[in-house]
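Engineer: Below are the chains, spelled out letter by letter.
2 protein chains.
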Amino acid sequence: MLYFIPRSLFDRGMNRLLALALSAAVLPACLAAQALATDPPATPADVVAQAPAGAWRPIPADELLVMTIEGGKRVVIQLAPGFSPRHVANIATLAKAHWWDGASINRVQDNYVVQWGDATEKKPMPPGLSATSPDDYALPLATRRLAVTPLPYADPYASSTGFVGGWPVAMDGTSAWLPHCYGYVGVGRNLSPDAGTGAELYAVIGQAPRQLDRNIAVVGRVIEGMAHLSSLPRGSGELGFYTPTEHQAPILTVRLASELPAAERPRFEAMDTLSPSFANYLRLRANRKDDFYDRPAGGVDLCNAPVPVRAAP
Amino acid sequence: MLYFIPRSLFDRGMNRLLALALSAAVLPACLAAQALATDPPATPADVVAQAPAGAWRPIPADELLVMTIEGGKRVVIQLAPGFSPRHVANIATLAKAHWWDGASINRVQDNYVVQWGDATEKKPMPPGLSATSPDDYALPLATRRLAVTPLPYADPYASSTGFVGGWPVAMDGTSAWLPHCYGYVGVGRNLSPDAGTGAELYAVIGQAPRQLDRNIAVVGRVIEGMAHLSSLPRGSGELGFYTPTEHQAPILTVRLASELPAAERPRFEAMDTLSPSFANYLRLRANRKDDFYDRPAGGVDLCNAPVPVRAAP
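Just so you know, the protein sequences line up as chains A and B, in that order.
According to full-length UniProt numbering, the first sequence is numbered sequentially starting from 1.
According to full-length UniProt numbering, the second sequence is numbered sequentially starting from 1.
Just so you know, these hints were derived from the structure itself, not from any lab.
Virtual Cβ for every residue (Gly too), placed ideally from N, Cα, C.
There's no promise every hint is true.
To be verified - Taking CB as the label site, the calculated pair distances span:
no.	chain 1	residue 1	chain 2	residue 2	range
1	B	Pro313	A	Pro40	56 to 62 angstroms
2	A	Met125	B	His98	57 to 63 angstroms
3	A	Ser130	B	Ser175	40 to 46 angstroms
4	B	His247	A	Pro60	35 to 41 angstroms
5	A	Met125	B	Asp194	39 to 45 angstroms
6	B	Arg283	A	Thr143	46 to 52 angstroms
7	B	Pro250	A	Pro40	32 to 38 angstroms
8	A	Lys96	B	Leu146	39 to 45 angstroms
9	A	Ala147	B	Ala311	47 to 53 angstroms
Extracted from the complex, chain A is given alone in its bound form:
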């Protein structure tokens, strides 16, 4: 068996196997778990696997957007009302109105975004949408205190970066904003000062297009089913839009998890970014040194240290 790259992910796989085995109370797996509990975690995946229950925070059901696309494939998006309150309120209004049911995925541009919404651009909006503006792209720091876990490495797009309330943030002296990382969801818009309603959404499927930060609203992140979006065929039209002969994947339903029957409601937890587990995770993301990695990087990019999220146990 060749490991190829990288050992860390092999470990993560092993941890997944271990979790499965533990749930069946298999003896050898229990012995392995004991070994994990005594050895200090060597990889980010180890930290995640060993994090105590207290290191996790449940994600409220009304902050989970559940999108079901063609073939019954489920994509779950965690919304960020603390950072984008008006856009998230609009998205909740649109979901409650079942506005996206029958919409479609209309654009897939390689190393950039998957975008969905109403291809006709004519569907009437539900009442009660908030007005948005470029003021919604960043939080002014003067008006609130944020408990920041700093990421002490240079960033080409911000004067500092870190994590707040389970989210990565980029900051300058006066404001904080969510970055455009892989899997992050933003709001399509027309030319400025239009800031979009939230009806037209996209998810990043490539290198973080951070030039969009503060030019467009980031409202959340995909936490399940990302591969259903990222592996879609690329569109051959301008900007990766599908041409008339290409297949726009239909969106069957979009619901807030809080509106689903309890039995169908997905439940997730995000790692507490103020926890010792998260500090340890960040340290190891920046300093890989194990059977596979010989040379620790000594740093990590804001978008290359994704906040761990898991299905609630």
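We have chain A already, so just place chain B on it with the hints.
Structural biologist: Same frame as chain A, but now just chain B:
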């Protein structure tokens, strides 16, 4: 027509349309071209479209690896012999031996890599492969002078970054290395000090996994057909390997372009990273300010300023 995001790519599309129109010598397009020639370029795509012939350098045919996969889809990889001479020599040897014909794509891990090679791990190697070692992961700066176009923005993984001979480079005080950017190709390996032969290759399909820099050899980049790799179904096995019931996409042939009949030989050019056009391109990648972008980032990540490459005119 809503532009959504981003205007720059709309412009790029317009430039593509323009190029098509120009080749047919359509009058309105010529007028548009005149307008482009007098207006200073406003976007990176404008710079690329307007770059003079002298800003481009042909890529030698023996540095192009042409991989044809299932369905006759073509993927072209530009090799970097200046940075990874031993691995690239091995890859050339393997291609000339037709070693990959009948191999397959065996692993697709979301936001990470697509990997291909001999799934049996038993196929004999051709004679004449070079020995490689971790010394091959970076170029020592003491032994050569590099003409560097600096990228004057902070990087969390290196003390400085820039471009050399058409390639992005990360540097510390003593060495320079190719970064793991989207679409970049590296050499799978076993545990260190094995540095891999070059027979097992992968391409990055997500956020740049720069922690792999100097832990594994980067040998080139995909310059055509990237979407054929990035849109493949993700594997559900450990590390994204395909399970026995999942489809390993067959590789039909892999050839150096220099070995193909002249009529079938693809020809590409990369922008000269010492040219004024490239300096202008970098400036605009870091400072978007146009109809769509209100707020220039004031910086750009090494992996978010891809060196422009085009089919030779």
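Engineer: Output the indices of the hints that this structure fails to meet, ascending.
Structural biologist: 3, 5, 6, 7 and 8
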